[in-house]
Amino acid sequence: MELRRYKDILALKSEEGTLLAFHARNLEVAQISEDTWRNMEPGSVQKECEALEELQSWEIENNSEVKTSKIDSTIRFLTLNVTQICNLHCNYCAAGGDGTFGDAIAKISLEKTLPQLKFFLDRLPPKVSFNISFLGGEPLLYADALALIATYVAEVAPGRKVNYTVITNGTLLTDKNVDILAAMKATVTISLDGPPEINDVVRPTKNGTSSTAMIVAGLEKLLARKSEFSHIMIHGVFDSHNMELEKAYEFYSHFAVDSYDFSFSVSENNPRATVEYMEQMTKLAAAAFAKGGEGALRKIRGFEQYFQALDHQQRTENHCGAGKSFLMLDARNRIYTCPWDVNDPKEQVGQGEELNEKALAAYQKPLLEVNHCENCWARFLCGGGCMFAHKHASGDKNIKNSQFCERTRFMVALTLIYYERCRSTA
Amino acid sequence: MKFLTLIKEKIMEKVDKKHVKKLKPKTTQTANFGHGNGSNPCPPVGGDLITEN
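Residue numbers (the numbering used here), protein chains in the order written: chain L, 940 to 1365; chain X, 2 to 54.
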């Protein structure tokens, strides 16, 4: 694809020759003429003409329908490590390489955790839902904690809508554990990086044996009771050791889950991996669209996210709610703003029921502003990017990781091509 | 009169949108904004969570 820019308008020519443009502030997509495209050629002398006038007129428009999503400082999302040990040994693990974050803890103290959860629930305004995700380590190594927490929360906040998410490696989905997840009407995210010949290499068990057969058995158990869960998703992580997204997609397609996600590893900085990822996502989008049009494409989380933002003209001013609406609690009840900062004393922003308000104050400005994204055409679909990925590359969470930006802009541009295809025939 | 207005609008639409034809968003699906609205995208929570604010 080829891109051209006129102020806040990005124009794009797809491999098939389709011309379209995107208004960065208004989140509008338009088909454009050849004349308009020519007028946007870098270095071209712009002559007064109808096409240029239309482009200029569109650029200065401000769409009053566009909504912003400035986040208030109410913690509505918590991620909790009920354990910091794992039965797998994934070769890209961002949790200290072995699920422990360098601080192995088999079980969180519920005596400390339950009051900590109540502390956050009590601070919440009425009618606002609360969201708890269980990460780890492998959370199902201490599945009883999930059940006890859900029971406790229902007791202390009876009228509150609480959504639960469990991110699991899928190897411990016993009947008992599936019952626990179903009782919570959980959203379940299963980590699986592809077919057995790939997944078993990148996500082996601690003793080096295959994990895929266990995951598949667990997935089938969940899918047999699908209506009892809020959402079931398969999530793959890809880096320079495994960039086989197409093969993963083919394998995932055997399971009737609600969605798939193809994440680029937060700790991968190899530029070649970024190029391969973009190539693979292009093939993936084509395969999904050929298979089932918009529906199949939007089953892939990255595309769904941008389709929603474009359809609802909803700006994203923050890539995530870190420190604003989201906090991370580790298995020692220490508080951080990001799951990947666990056990980094510099990043700790609280303990138990005490929050370091001064430390949190530094997180309250929109990421677009602190990360200086004002000149990026994809800014209102990106929200300033992942602070952890930025820090991993640049040493500073507010100095951008250029590869992250490149991948995001590519994903947005790819989505725009399919969005135009879907909405031009609507 | 109403018919004439409609015709005029249609003609104007064609004139106005000769070079830039905006596509109409489709909003029949429920808005389900995820991480941009404050949750945590990493690791992803499937079917991300609706926020009421």
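Hints were generated in silico from the structure; no laboratory data involved. Small disclaimer: the values here were computed from a predicted structure and weren't measured. Please note that a few of the clues may not be correct.
[As the list claims (entries may be wrong)] Which residues of chain L face chain X? A partial, calculated answer using Cβ under 7 Å:
#1 974
#2 997
#3 999
Cβ atoms here follow ideal geometry from the backbone N, Cα and C, with glycine treated the same way.
Hint check:
1. For residue 974/L, the suggested interface contact is upheld, since its CB lies about 6 Å from the closest CB of chain X, less than 7 Å.
2. This hint holds: residue 997/L has a C-beta 5 Å from the nearest C-beta of chain X, less than the 7 Å allowed.
3. For residue 999/L, the interface hint is violated, the least distance from its beta-carbon to any beta-carbon of chain X being 13 Å, above 7 Å.
When held up to the earlier numbered hints, the structure conflicts with hint 3 and nothing else.
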